[in-house]
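Chains as they are written, first to last, in UniProt numbering: chain A, 1 to 524; chain B, 1 to 524.
Quick caveat, the hints were computed from the structure, so don't treat them as lab data.
It is possible that some hints are incorrect.
The list cannot tell twin chains apart, which means a pair is met if one copy fits it or any two copies do.
What the hints assert, rightly or not - Cut-off 25 Å, straight-line C-alpha distance, at most; resulting in silico cross-link-like pairs (DMTMM-like, lysine to aspartate or glutamate):
(1) 445 / 417
(2) 169 / 116
(3) 93 / 131
(4) 115 / 79
(5) 415 / 131
(6) 463 / 383
(7) 169 / 138
(8) 392 / 301
(9) 512 / 406
(10) 332 / 441
(11) 245 / 452
(12) 462 / 383
(13) 169 / 284
(14) 463 / 221
(15) 496 / 79
(16) 93 / 79
(17) 72 / 174
(18) 332 / 216
(19) 437 / 198
(20) 115 / 138
(21) 100 / 476
(22) 318 / 270
(23) 100 / 515
(24) 115 / 174
(25) 395 / 383
(26) 169 / 89
(27) 127 / 427
(28) 422 / 492
As a plain string of letters, each chain reads:
There are 2 protein chains.
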Amino acid sequence: MQEKEGYVLAPCCRSSGDLQTYRRMVEIGVKIKGLKLDRPERWKERISEEVQKLLSLKEQLGDARPQKFQLKTPKGTRDYNPRQMAIREGVFKTIINCFKRHGAETIDTPVFELKETLTGKYGEDAKLIYDLADQGGEILSLRYDLTVPFARYLAMNKINTIKRYHIAKVYRRDNPAMTRGRYREFYQCDFDIAGQYDLMIPDAECVKIVAEILSELNVGDFIIKLNTRLLLDGMFAVCGVPEDKFRTICSAVDKLDKTFWEDVRSEMVDEKGLAPEVADRIGEYVRLNGQLELVDQLMQDEQMMKNKMARQGLEEMKLLLTYCQLFGVLDKVSFDLSLARGLDYYTGVIYEAILTTEKVQSDGGDKNEPVGVGSVAGGGRYDGLVGMFDPKGKKVPCVGVSIGIERLFSIMEAKAEAAEGKVRTTETQVYVASGQKNMLEERMKLCNLLWEGGIKTELSYKKNPKLLNQFQYAEEHGIPFLAIIGEQELKDGVVKVRNTSTREEETFPRDKLLEEIRTRVGPS
Amino acid sequence: MQEKEGYVLAPCCRSSGDLQTYRRMVEIGVKIKGLKLDRPERWKERISEEVQKLLSLKEQLGDARPQKFQLKTPKGTRDYNPRQMAIREGVFKTIINCFKRHGAETIDTPVFELKETLTGKYGEDAKLIYDLADQGGEILSLRYDLTVPFARYLAMNKINTIKRYHIAKVYRRDNPAMTRGRYREFYQCDFDIAGQYDLMIPDAECVKIVAEILSELNVGDFIIKLNTRLLLDGMFAVCGVPEDKFRTICSAVDKLDKTFWEDVRSEMVDEKGLAPEVADRIGEYVRLNGQLELVDQLMQDEQMMKNKMARQGLEEMKLLLTYCQLFGVLDKVSFDLSLARGLDYYTGVIYEAILTTEKVQSDGGDKNEPVGVGSVAGGGRYDGLVGMFDPKGKKVPCVGVSIGIERLFSIMEAKAEAAEGKVRTTETQVYVASGQKNMLEERMKLCNLLWEGGIKTELSYKKNPKLLNQFQYAEEHGIPFLAIIGEQELKDGVVKVRNTSTREEETFPRDKLLEEIRTRVGPS
Chain A
1 MQEKEGYVLA PCCRSSGDLQ TYRRMVEIGV KIKGLKLDRP ERWKERISEE VQKLLSLKEQ
61 LGDARPQKFQ LKTPKGTRDY NPRQMAIREG VFKTIINCFK RHGAETIDTP VFELKETLTG
121 KYGEDAKLIY DLADQGGEIL SLRYDLTVPF ARYLAMNKIN TIKRYHIAKV YRRDNPAMTR
181 GRYREFYQCD FDIAGQYDLM IPDAECVKIV AEILSELNVG DFIIKLNTRL LLDGMFAVCG
241 VPEDKFRTIC SAVDKLDKTF WEDVRSEMVD EKGLAPEVAD RIGEYVRLNG QLELVDQLMQ
301 DEQMMKNKMA RQGLEEMKLL LTYCQLFGVL DKVSFDLSLA RGLDYYTGVI YEAILTTEKV
361 QSDGGDKNEP VGVGSVAGGG RYDGLVGMFD PKGKKVPCVG VSIGIERLFS IMEAKAEAAE
421 GKVRTTETQV YVASGQKNML EERMKLCNLL WEGGIKTELS YKKNPKLLNQ FQYAEEHGIP
481 FLAIIGEQEL KDGVVKVRNT STREEETFPR DKLLEEIRTR VGPS
Chain B
1 MQEKEGYVLA PCCRSSGDLQ TYRRMVEIGV KIKGLKLDRP ERWKERISEE VQKLLSLKEQ
61 LGDARPQKFQ LKTPKGTRDY NPRQMAIREG VFKTIINCFK RHGAETIDTP VFELKETLTG
121 KYGEDAKLIY DLADQGGEIL SLRYDLTVPF ARYLAMNKIN TIKRYHIAKV YRRDNPAMTR
181 GRYREFYQCD FDIAGQYDLM IPDAECVKIV AEILSELNVG DFIIKLNTRL LLDGMFAVCG
241 VPEDKFRTIC SAVDKLDKTF WEDVRSEMVD EKGLAPEVAD RIGEYVRLNG QLELVDQLMQ
301 DEQMMKNKMA RQGLEEMKLL LTYCQLFGVL DKVSFDLSLA RGLDYYTGVI YEAILTTEKV
361 QSDGGDKNEP VGVGSVAGGG RYDGLVGMFD PKGKKVPCVG VSIGIERLFS IMEAKAEAAE
421 GKVRTTETQV YVASGQKNML EERMKLCNLL WEGGIKTELS YKKNPKLLNQ FQYAEEHGIP
481 FLAIIGEQEL KDGVVKVRNT STREEETFPR DKLLEEIRTR VGPS
């Protein structure tokens, strides 16, 4: 495996003791190199002295041969610095506001599950699951998505109806492409509706939610592709795919957003043993996309209408598109017969949102390749998953959507970068300062007064900081006000308030300070 | 290992196919049991028919002998339901507000680190680290705390000064005691200040922060114990502990909050080979606690004052207590010579906050045992940790505190339970309803109007729900208003708004609805 990220910094030391020993070895090495050459007779003696020390220190390290110590995060993961966190929190706020606007509660589940909870839910993708080491006790795996834990939660607590969101990290041992926002640890923002309801009503709300979030985040144009598994299966049957090949052909169709039809066709025919004419019939259908007029067109297709699944799928799609219209998002959706979605557990409607105004070929790929703009949200209906956890197989119909926000973060970050505006990473309102010596205790007291009054306040941690440095700190961190004291202010019982940007100064009695600051900084 | 939590529900099936097969087996079993006894001659025949089916189904399962399928979360972990999440979010809000009031930024790090990053940082506790399975590639472990990842982050990014908070889950393979809020997966809320500053100033701010958070959460009385590693080491030297036994004796002293002195003494003498008189001298010191007067008392102790570490430790403690006074939290702190803290990496001041008004012996323990009220926050200074990651050993002095909030959650939950008040788990402001049939599309349109206007709105997912059920839903979920439409309202271009609690109804023109609702629900 290639390990491009990170850089080698020090030999691997297994404890702080080891590290100290290693450091002393380096010091001695440096000493040897630096020995003055003017007294060669002493020189030889000193070297053998130091080499002796080196050897005995090496002894202490035991059989730990100096290995590479890597100062890095694990492959496919990253830290978020304060600037990135500020952007991330903004994105979360928009998403959570939307989920709450639609009346969702929230839950949380552990980052790992019993391995058997995840088994048999992901089809071919199961190989990407992270397992924990067997250290005695239960066999555990990191969650792969939030949907299976949600289904486990519903079955375990015998919950039949809930509308919930869940924002948390999930883990996939996939090939990372971090510049394009593809990580091994990444956030999912899931919204799901469980319950026995009338056809397509909660399904349409999920589409509405994706449209709202992508519009509000202002990440450019997007389209939400819609399809249903019923129609896909009906279409496969109509084209002549044997029933036991539905899922594997479905997973080939799923690659159409990244690959040309020719490659998908060859996978179907050469690898999966489909008759060429069957594949070609599929090829005719999967190039179709549109809206209500496409539903009408397919409803004229006699072959299709003879198949019960296809007929039902088309009726559902018609209803879904009608509801999308009522929710004002018809211009954001596209009924697309090539949309298949990889996961095993979908049983009905499926969605996938992609951005359409992204810079094409930003990572210098081959111009002839189809542009993998990549999905930023996806989901669908999974009516059988909860039943897989119930001892009696009791079903709880569910539909949901997952916003894949790493990609959205990348876009927001790039936008912030381009705007060159300063992203504030703190909310500090006042910096307590003094230009005189021995004012630390007074600064601390004033700081305390402001904290107790609910004002976000900082002070220098130096005993006698320079006034200019304090001004600079406030300016660099975008802190709007300074509260300045000195001997005179203390004597007069006043505090000087300086506006960081206008540099205007006003003086207020100490007992009016909180009030005056509050009117200036607004409600917090 | 005992697995009391959870319950066995179904045999382990490795895929949905397996589960379906198993379910058919169960059905057949049920059939056999239920066969009517009135025609015994048919009965025998039917049984052998069904048994045959059973055997062939069992065949399909291959060599997967039915194992126990557990519908549970892993040992020591739990789900958060919406009610618990609402409480948790309230606690987080208080804590984050406090961190922001003190000018902190926030960062995030991956849930796992390279195993070698964690190696040699936790002393005896290292055995509690969760490792990931070796699936090829890097060797990884789940983070054990947020401090070591923070130090790795600083060294990797060459950051010398930062004030940051980090709220995230950490993982310890400890013996869980979930009723007392001790989990294997739990949140830590860390606040740390890195940088070369004047003595005890950032250290005092950490104490202030703990005091503010515990006061604001209103979880009863608490005390923040203070000590310093310097003074502890000085005290050990003065008592006659050999230098190479400092850490192991320190870890024995650390047990004093859970164990009697007699047991700690016997660990020191019998297990760790300390001379009895040395242990007794330590015993004299560790019973001391107080405030500035205790510092003065120890400053009279000639033995102590002869030792450089002890002298310096006492001077630091005097300064810290003085600053605590300036920050108005002197009544919340106790200088306590028995406080030791387990972790290896502390080098200076150490803190630990405990609740003092908790119901004693709530879990029916022996009355003669010391009451393990348990710590709700802890931390200290760790000036050497970042240097352990730097290739040249460059040090970045750090001090910080970690709020252990699982215990605080438990208390807040119990309080909410006792108050019997309803905890709202959604923020929905309006429920769109109708008492007439065929109003689904009109309800959807009205709902959309409210969503677009930023009003948190829900509607029934049924085509023709009963009006009473819609009223009930609003009442049960604490939704303050209903927006009701029917044929007449549509004809008149109006909407009826019903106050859920007063049951008063008013009618507004449709184009005034948003405005009227907004004045009623206030700013969102």
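For each hint, the structure was consulted:
Neither within a single protomer nor between protomers do residue 445 and residue 417 lie at most 25 Å apart by alpha-carbon distance, with minima of 39 Å and 39 Å respectively. In this assembly of identical chains, the alpha carbons of residue 169 and residue 116 lie at most 25 Å apart whether taken from the same copy (20 Å) or from different copies (23 Å). Taking identical chains as interchangeable, the C-alpha atoms of residue 93 and residue 131 are never at most 25 Å apart, the minima being 32 Å within one chain and 33 Å between chains. In the homo-oligomer, the alpha carbons of residue 115 and residue 79 lie at most 25 Å apart only across protomers (17 Å), although the nearest pairing inside one protomer, at 27 Å, exceeds that limit.
Taking identical chains as interchangeable, the C-alpha atoms of residue 415 and residue 131 are never at most 25 Å apart, the minima being 37 Å within one chain and 38 Å between chains. Taking the shortest Cα distances, residue 463 and residue 383 sit within 25 Å of each other only across copies (19 Å), while inside one copy they are farther apart (65 Å). In this assembly of identical chains, the alpha carbons of residue 169 and residue 138 lie at most 25 Å apart whether taken from the same copy (22 Å) or from different copies (20 Å). Taking the shortest alpha-carbon separations for residue 392 and residue 301, neither the intra-copy value of 40 Å nor the inter-copy value of 74 Å comes in at or below 25 Å.
Neither within a single protomer nor between protomers do residue 512 and residue 406 lie at most 25 Å apart by alpha-carbon distance, with minima of 46 Å and 40 Å respectively. When the C-alpha separation of residue 332 and residue 441 is checked against a cutoff of 25 Å, the pair qualifies only between copies, where the shortest distance is 19 Å, while the shortest distance within a copy is 61 Å. In this assembly of identical chains, residue 245 and residue 452 lie within 25 Å of each other by CA distance neither inside one copy nor across copies; the values are 68 Å within and 44 Å between. In the homo-oligomer, the alpha carbons of residue 462 and residue 383 lie at most 25 Å apart only across protomers (17 Å), although the nearest pairing inside one protomer, at 62 Å, exceeds that limit.
Proximity of residue 169 to residue 284 under the C-alpha cut-off of 25 Å is found in neither arrangement, the shortest distances being 39 Å within a copy and 50 Å between copies. Taking the closest pair of Cα atoms, residue 463 and residue 221 never come within 25 Å of each other, the shortest separation being 54 Å inside a single copy and 33 Å across copies. In the homo-oligomer, the alpha carbons of residue 496 and residue 79 never lie at most 25 Å apart, since the shortest distance is 40 Å inside one protomer and 51 Å across protomers. Taking identical chains as interchangeable, the C-alpha atoms of residue 93 and residue 79 lie at most 25 Å apart whether they share a chain (20 Å) or sit on different chains (23 Å).
Proximity of residue 72 to residue 174 under the C-alpha cut-off of 25 Å is restricted to the intra-copy arrangement: shortest distance 19 Å within a copy versus 27 Å between copies. Only within a single protomer do residue 332 and residue 216 lie at most 25 Å apart by alpha-carbon distance; the minimum there is 13 Å, versus 46 Å between protomers. Taking the shortest Cα distances, residue 437 and residue 198 sit within 25 Å of each other only across copies (14 Å), while inside one copy they are farther apart (74 Å). With identical chains, the CA atoms of residue 115 and residue 138 are at most 25 Å apart both within one copy (9 Å) and between copies (21 Å).
Taking the shortest Cα distances, residue 100 and residue 476 sit within 25 Å of each other only across copies (17 Å), while inside one copy they are farther apart (36 Å). In this assembly of identical chains, the alpha carbons of residue 318 and residue 270 never lie at most 25 Å apart, being 35 Å within a copy and 80 Å across copies at closest. In this assembly of identical chains, the alpha carbons of residue 100 and residue 515 lie at most 25 Å apart only when taken from different copies (20 Å versus 34 Å within one copy). Taking CA atoms no more than 25 Å apart as the test, residue 115 paired with residue 174 passes in both settings, with 18 Å inside one copy and 20 Å between copies.
For the homomeric pair residue 395 and residue 383, the shortest alpha-carbon distance inside one copy (7 Å) is at most 25 Å, but the shortest distance between copies (56 Å) is not. Proximity of residue 169 and residue 89 under a CA criterion of 25 Å is satisfied in both settings, with 14 Å inside one chain copy and 18 Å between copies. With identical chains, the CA atoms of residue 127 and residue 427 are never at most 25 Å apart, being 44 Å at best within one copy and 40 Å at best between copies. Taking the shortest alpha-carbon separations for residue 422 and residue 492, neither the intra-copy value of 38 Å nor the inter-copy value of 52 Å comes in at or below 25 Å.
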